[in-house]
Amino acid sequence: MKAFTYERARTPAEAAAAASRNPGARFIAGGTNLLDLMKLQIETPAHLIDVNGVGLDKIEATEDGGLRIGALVRNTDLAADERVRRDYGVLSRALVAGASGQLRNMATTAGNLLQRTRCPYFYDTNQPCNKRTPGSGCGAIGGFSRSHAVIGVSDACIATHPSDMAVALRVLDATVETIRPDGSTRKIPIAEFHRLPGDEPHIDTVLMAGELITAVTLPKPVGGKQIYLKVRDRASFAFALVSVAAIVQRDGTGRVALGGVAHKPWRVEEAEAELPQGAKAVTARLLAGAKPTPENAFKLKLVERALASVLAEAKGA
Amino acid sequence: MNTDRRAPTGEPGNPDFTRRGFLVIGTSTAAAAMMPPLAEAQAPAAGPSVMTKVSFNVNGKACDLELDTRTTLLDALREHLHLTGSKKGCDQGQCGACTVISRGRRIVSCLSLAVMHEGDNITTIEGLGTPEKMHPLQAAFVKHDGFQCGYCTPGQICSAVAMLREIKAGIPSHVTADLTAPPQLTPAELRERMSGNICRCGAYSNMAEAITEVAGGIV
Numbered sequence: 041m042k043a044f045t046y047e048r049a050r051t052p053a054e055a056a057a058a059a060s061r062n063p064g065a066r067f068i069a070g071g072t073n074l075l076d077l078m079k080l081q082i083e084t085p086a087h088l089i090d091v092n093g094v095g096l097d098k099i100e101a102t103e104d105g106g107l108r109i110g111a112l113v114r115n116t117d118l119a120a121d122e123r124v125r126r127d128y129g130v131l132s133r134a135l136v137a138g139a140s141g142q143l144r145n146m147a148t149t150a151g152n153l154l155q156r157t158r159c160p161y162f163y164d165t166n167q168p169c170n171k172r173t174p175g176s177g178c179g180a181i182g183g184f185s186r187s188h189a190v191i192g193v194s195d196a197c198i199a200t201h202p203s204d205m206a207v208a209l210r211v212l213d214a215t216v217e218t219i220r221p222d223g224s225t226r227k228i229p230i231a232e233f234h235r236l237p238g239d240e241p242h243i244d245t246v247l248m249a250g251e252l253i254t255a256v257t258l259p260k261p262v263g264g265k266q267i268y269l270k271v272r273d274r275a276s277f278a279f280a281l282v283s284v285a286a287i288v289q290r291d292g293t294g295r296v297a298l299g300g301v302a303h304k305p306w307r308v309e310e311a312e313a314e315l316p317q318g319a320k321a322v323t324a325r326l327l328a329g330a331k332p333t334p335e336n337a338f339k340l341k342l343v344e345r346a347l348a349s350v351l352a353e354a355k356g357a
Numbered sequence: 109m110n111t112d113r114r115a116p117t118g119e120p121g122n123p124d125f126t127r128r129g130f131l132v133i134g135t136s137t138a139a140a141a142m143m144p145p146l147a148e149a150q151a152p153a154a155g156p157s158v159m160t161k162v163s164f165n166v167n168g169k170a171c172d173l174e175l176d177t178r179t180t181l182l183d184a185l186r187e188h189l190h191l192t193g194s195k196k197g198c199d200q201g202q203c204g205a206c207t208v209i210s211r212g213r214r215i216v217s218c219l220s221l222a223v224m225h226e227g228d229n230i231t232t233i234e235g236l237g238t239p240e241k242m243h244p245l246q247a248a249f250v251k252h253d254g255f256q257c258g259y260c261t262p263g264q265i266c267s268a269v270a271m272l273r274e275i276k277a278g279i280p281s282h283v284t285a286d287l288t289a290p291p292q293l294t295p296a297e298l299r300e301r302m303s304g305n306i307c308r309c310g311a312y313s314n315m316a317e318a319i320t321e322v323a324g325g326i327v
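Just so you know, the sequences run in chain order A and B.
Residues 41 to 357 in my numbering are what the first sequence lists, from first letter to last.
Residues 109 to 327 in my numbering are what the second sequence lists, from first letter to last.
To be clear, the hints were calculated from the coordinates, so they are not data collected in a lab.
Errors might be hidden in some of the hints.
Said to hold, decoys possible - Straight-line Cα separation of at most 27 angstroms, DSSO-like style, residue types lysine-lysine; simulated pairs: (1) 227/A to 260/A; (2) 98/A to 276/B; (3) 276/B to 241/B; (4) 98/A to 227/A; (5) 161/B to 79/A; (6) 341/A to 320/A; (7) 320/A to 265/A; (8) 161/B to 42/A; (9) 169/B to 241/B.
Bound conformation, chain A alone (with noise of 0.2 angstroms):
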């Protein structure tokens, strides 16, 4: 690990002053991604802005009926709160189906969304990588691609968002608030938050340098079946091949987003429309213009069945 200097933000807007501060600064707050980072040296900051302290950690009601989730409000908090098991039920079931409870109990809601991808290519620092070194190439394109993205690709990258909670926030329809290190505020909506690879790869949101998030708010419960499917290669404690969060009201019409395909939560509004039809006509929609690799190929046809189940599920119950 590199050397850095830390310091203890006690506010928000001190925290996001002292990252203008301080060029190659990050936030650190659970650790748990970016310490992993830090060992491998893929992540290098010269000083760690401790933002622990700077309260955030609530969960309140909106004045139009939602939440706003604390940017520090632990995984483990944020999945238990009666609240989002009442009225949201397809965060809690994503967050629990993420990670240990060792984990959940650190990671933060904000952390979890800033996450950085789990591509193996990216982790091995002998390989190239265009989200670690911008220029160097894929490893993963021709290489090992089983887990890798399958839409919204690029030729310079085909990693996916880890992620579980925030496949669960896309199809909430979510909003990320931020404070700026001029103390301006801004509301990001979760769907143009994350960033598609394309030719800079290195860039995984739209936040700014010395940017930090304060909060992500729910606007007010929408109801129906709500249910979040993770497929994986063991049944506990890894992160997904695909999974599917979806929303079904009892007339058949809902949302669904999906993880494990994509450089962000893959959410399509217009293929929404097809529920009804059956999971073949979504899935035809959603995946439209797909490019897999001969690897990940059977994601397409994964992605499918998850959903076929799901809303087997939704009718069903």
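Put chain B on the given structure of chain A with help from the hints.
What follows is chain B alone, placed relative to chain A:
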């Protein structure tokens, strides 16, 4: 990872080649183990150290340390406070051998910086019980033979203690059927909730028996 590994000394009986010394050599390198102690718990080529003071409470005892900012909570416990019960397995949050309880919650101490724990109350396996007065879970692990090599055991027991509290607090898991009902300690719940602790010897079934027996009086 090259860490601050002191040459094996101070063990009663055989100071030349102890079990702990063997483990030190096995988990880093013989050369690193025989080198004089480095100033910091990191590779010497990684740049100048930045020292920071931190105070926390471990097993009821106040600890004031001055550490390289890079020091993980695990390294602080093992290398600076000499509480070697918590184990370094993978050092990347995947095996659970370093599990300790911080602020009442189980965490992996390898993925947390010591300086991030200012003012925290931390419990390690040494704080749960002693050979003379074991924690009920420690006694149950012995009774049910819930280990083979024992390397993962401190993490398993710390994890299980906190896991039972999580069930009691109503925290759901991936296998909880009804999100709005209080979770129960079924065999499926136990396996899912303990999935962050790996046992290469495969002593899982005996651990499950031990945890289930103790939970009978708790959950």
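Here is how each hint holds up against the structure:
Proximity of residue 227/A to residue 260/A is assessed by CA-CA distance (about 17 angstroms); at most 27 angstroms being required, the pair is judged to hold. Distance check on the hinted pair: residue 98/A and residue 276/B sit about 22 angstroms apart at the alpha-carbon level, within 27 angstroms; holds. Proximity of residue 276/B to residue 241/B is assessed by CA-CA distance (about 25 angstroms); at most 27 angstroms being required, the pair is judged to hold. With a CA separation close to 18 angstroms, the supplied pair residue 98/A and residue 227/A stays within the 27 angstroms bound.
For the suggested pair residue 161/B and residue 79/A, the alpha carbons sit about 21 angstroms apart, so the restraint of at most 27 angstroms is met. For the suggested pair residue 341/A and residue 320/A, the alpha carbons sit about 9 angstroms apart, so the restraint of at most 27 angstroms is met. For the proposed pair residue 320/A and residue 265/A, the alpha carbon gap of about 20 angstroms is at most 27 angstroms, so the pair holds. The hinted pair formed by residue 161/B and residue 42/A meets the criterion: a straight-line CA distance of about 19 angstroms does not exceed 27 angstroms.
Annotation: proposed proximity of residue 169/B to residue 241/B holds, straight-line Cα distance about 18 angstroms (limit 27 angstroms).
Checked against the numbered hints listed earlier, the structure breaks none of them; every hint is satisfied.
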